[in-house]
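S.K.: What follows is the residue order along each chain.
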Amino acid sequence: MSFSLDNYFGIHQQSLSLRSQRNTVIANNLANADTPGFKARDYDFKALLAQAGSQVPGGDQVRVTHSRHLGGSDGPGAPGPLLYRVPMQPAQDGNTVEQDREQAAFAENSVRYQASLQFLNSRIQSMVNVLKGGNN
Amino acid sequence: MDLFRVFDIAGSGMGAQSIRLNATASNLANINSVSGDPEQVYRARHPMFETIMQGFGDEASAGVRVLGVVEDATAPQPVYEPGHPEANEAGYIYRGNVDLASEMTNMISASRAYQNNVEILNTSKDLMLRTLSLGSQ
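Same order as they appear, the protein sequences are chains A and B.
Each residue of the first sequence is one higher than the one before, counting from 0 in numbering that gives the first Met the number 0.
Each residue of the second sequence is one higher than the one before, counting from 0 in numbering that gives the first Met the number 0.
Just chain B, with the same shape it has in the complex (with noise of 0.2 angstroms):
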């Protein structure tokens, strides 16, 4: 029987958003970062979703995992700023990749994704107590 799997899936979809939402926000407060080695800069970080196939059939998808987290492979943005204490020989410093836009927007999708799963959790529960109680007064 595996009426409890349910609590597994939307656990594995908590745990994969909450990973999702950290990397944002690490990715936000990092959106200021500089150096002036455009190699030490901080870059993006995204985390890849994969499905966890479980045996073989139909029913063989239960979840969801991180596969990785990659960093972004956009290049550095070089701002000439030669008073800066991090500029290099030519006077430029370089920024890190963080684009703000996509970052909200990520931890927006990410949210809701998460509720939802806490949703599907809480709503699972209710139903599996009811049937606990099937037959009592």
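So that you can see chain A by itself, here it is in the shape it has in the complex (with noise of 0.2 angstroms):
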């Protein structure tokens, strides 16, 4: 029985990576809160992780089948395309920034990370509690 740690650790690492940089994009828009003509951007997550969850082992793969296939992303936890934000109130200055969505968004996207974390912690003790045999 072959045993792999990609398998083991399943999404979530790809979720970690993918996490960190949309809080990335979201302090970048909250950074720039006041620049007349910034555009608040942001990923489409959802997309985003059904293609990182696409290329885990074992996973729905998509194969290139034929030398003339394009290929997919450069990897798991490759970014995607960033979009721009639809806003609901633009400012007169160009400005698309909407403090409270970017808050909200935010802070949702950190309480998923601090999930994907616990997910593998969890992983990562039952692990040491196997090599250990139970005995701590």
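Please note that a few of the clues may not be correct.
Restraint-style ranges between C-beta atoms, simulated for each label pair [stated by the list, open to error]:
| hint | chain 1 | residue 1 | chain 2 | residue 2 | range |
| --- | --- | --- | --- | --- | --- |
| 1 | B | S132 | A | A103 | 24 to 30 angstroms |
| 2 | A | V127 | B | S110 | 42 to 48 angstroms |
| 3 | A | N6 | B | S17 | 47 to 53 angstroms |
| 4 | A | M87 | B | K124 | 28 to 34 angstroms |
| 5 | B | S132 | A | E107 | 19 to 25 angstroms |
| 6 | B | E38 | A | R84 | 43 to 49 angstroms |
| 7 | A | P80 | B | L99 | 42 to 48 angstroms |
| 8 | A | D43 | B | I30 | 43 to 49 angstroms |
| 9 | B | E80 | A | G93 | 39 to 45 angstroms |
| 10 | A | P35 | B | Y79 | 36 to 42 angstroms |
| 11 | A | P35 | B | N29 | 20 to 26 angstroms |
Covered stretches of chain B (in silico footprint by chain A; criterion: 3 or more residues with CB under 8 angstroms from a CB of chain A, positions within the stretch not fixed) [unchecked claim]:
| hint | stretch |
| --- | --- |
| 12 | 6-17 |
| 13 | 101-112 |
Partial chain B-side listing against chain A, Cβ under 7 angstroms, derived [as the list claims (entries may be wrong)]:
| hint | residue |
| --- | --- |
| 14 | F48 |
| 15 | T50 |
| 16 | G62 |
| 17 | V63 |
| 18 | N115 |
| 19 | I119 |
| 20 | T122 |
| 21 | L126 |
| 22 | R129 |
| 23 | G134 |
If you're looking for bench data, these hints aren't it; they were derived computationally from the structure.
All figures in this text were calculated on a predicted structure; none of them were measured in a lab.
Built from N, CA and C at the ideal position, the CB exists for glycine as well.
Two independent chains are provided; combine them into the complex using the hints.
M.R.: The following block contains the structure:
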């Protein structure tokens, strides 16, 4: 029986890296909350994570079956396209940052980051438990 | 790995907002400055913000910087006060063009934005510390 750490940790390692990148993007939005003409940006996280999940070994992989097929993204955790947020109330100076929405997105993102951390932590704990044979 | 870029970004935001607060403080302190010469009188100062563009591609922007501080172009207000020591021959003094209401709203907006950046910094720091202790008991 082969054992793969990649399989063992599942999607959470990709999730951590994507979440931290999204945190950077939202931080940038909030830093530019008063910059004239700045457009708020964000990832389409659902699509990104689905794409990352398809690259997890054992997952539903997309294979290149012909030499002229185009490749996928650069690898697991590669940043996808940054999209522009559609503003509900754009400012007169062309700025589309809505501070409350960005704050909500940031809070949501960091909670999900912590959730992934928690998952990884318990995975590591149970592996350590197995290695020690159950006696600490 | 650009894990630590969020600190630079939030730091640049805090720096820019504190410059804005400084400009507001200067404007409010000079709200009653007068002069007999319209060229000499205090003019309101406003910082201009610009997104820092770093590299090319989708993730080009990284923070904010102050492009410069511009002086308000509104003409200073003449007031007829012949007894004033600063008054010119016609008896006029000129008041600075500081608008109290807009300065106050500027101040509130700047301090809120500063708080936002501090919040981002704190949360990111917590997340990073928790990541560092990943796997420990």
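S.K.: Does each hint fit the structure? Answer for all of them.
M.R.: Status of each hint after checking the structure:
Between S132 (chain B) and A103 (chain A) the Cβ separation comes to about 27 angstroms, which falls inside the hinted range of 24 to 30 angstroms. The hinted range of 42 to 48 angstroms is satisfied by V127 (chain A) and S110 (chain B), whose Cβ atoms lie roughly 47 angstroms apart. A hinted range of 47 to 53 angstroms holds for the C-beta pair N6 (chain A) and S17 (chain B), which are about 49 angstroms apart. The hinted window of 28 to 34 angstroms between M87 (chain A) and K124 (chain B) holds, with their beta carbons roughly 30 angstroms apart.
At roughly 23 angstroms, the beta-carbon separation of S132 (chain B) and E107 (chain A) lies within the given 19 to 25 angstroms, and the hint holds. At about 45 angstroms, the CB distance of E38 (chain B) to R84 (chain A) agrees with the hint of 43 to 49 angstroms. As the Cβ distance of P80 (chain A) to L99 (chain B) is approximately 46 angstroms, the hint placing it in 42 to 48 angstroms holds. For the pair D43 (chain A) and I30 (chain B), the beta carbons lie near 48 angstroms from each other, so the given range of 43 to 49 angstroms is met.
Against the hinted window of 39 to 45 angstroms, the Cβ-Cβ separation of E80 (chain B) and G93 (chain A) comes to about 42 angstroms, which satisfies the hint. Separation of P35 (chain A) from Y79 (chain B) is about 38 angstroms and conforms to the stated range, judged on CB atoms against 36 to 42 angstroms. Between P35 (chain A) and N29 (chain B) the CB atoms are about 25 angstroms apart, so this pair conforms to the stated range of 20 to 26 angstroms. Closer than 8 angstroms: that is the beta-carbon criterion, and the stretch 6-17 of chain B has 6 residues meeting it against chain A, so the requirement of 3 holds.
A stretch counts as covered by a chain when three or more of its residues have a beta carbon under 8 angstroms from one of that chain; for the stretch 101-112 of chain B and chain A the count is 4, and the coverage holds. Hint status for F48 (chain B) relative to chain A: holds, with the closest Cβ pair at about 4 angstroms, below 7 angstroms. For T50 (chain B), the suggested interface contact is upheld, since its CB lies about 5 angstroms from the closest CB of chain A, less than 7 angstroms. Hint on G62 (chain B) holds. Least Cβ distance to chain A is approximately 5 angstroms, under the 7 angstroms limit.
Annotation: V63 (chain B) was flagged as interfacial toward chain A, and the flag holds, the nearest CB pair being 5 angstroms apart, inside 7 angstroms. The restraint placing N115 (chain B) at the interface with chain A holds, with a minimum CB-CB distance near 5 angstroms, inside the 7 angstroms limit. For I119 (chain B), the interface hint holds, since its Cβ comes within 7 angstroms of a Cβ in chain A; the closest pair sits about 5 angstroms apart. The restraint placing T122 (chain B) at the interface with chain A holds, with a minimum CB-CB distance near 5 angstroms, inside the 7 angstroms limit.
Hint status for L126 (chain B): holds, given a least beta-carbon distance of 6 angstroms to chain A, under 7 angstroms. Taking 7 angstroms as the C-beta cut-off, the interface hint given for R129 (chain B) holds, the closest approach to chain A being about 6 angstroms. Interface restraint check: G134 (chain B) against chain A, minimum CB-CB distance 4 angstroms, threshold 7 angstroms, status holds.
Going down the numbered hints, you'll see the structure goes against none, and every one checks out.
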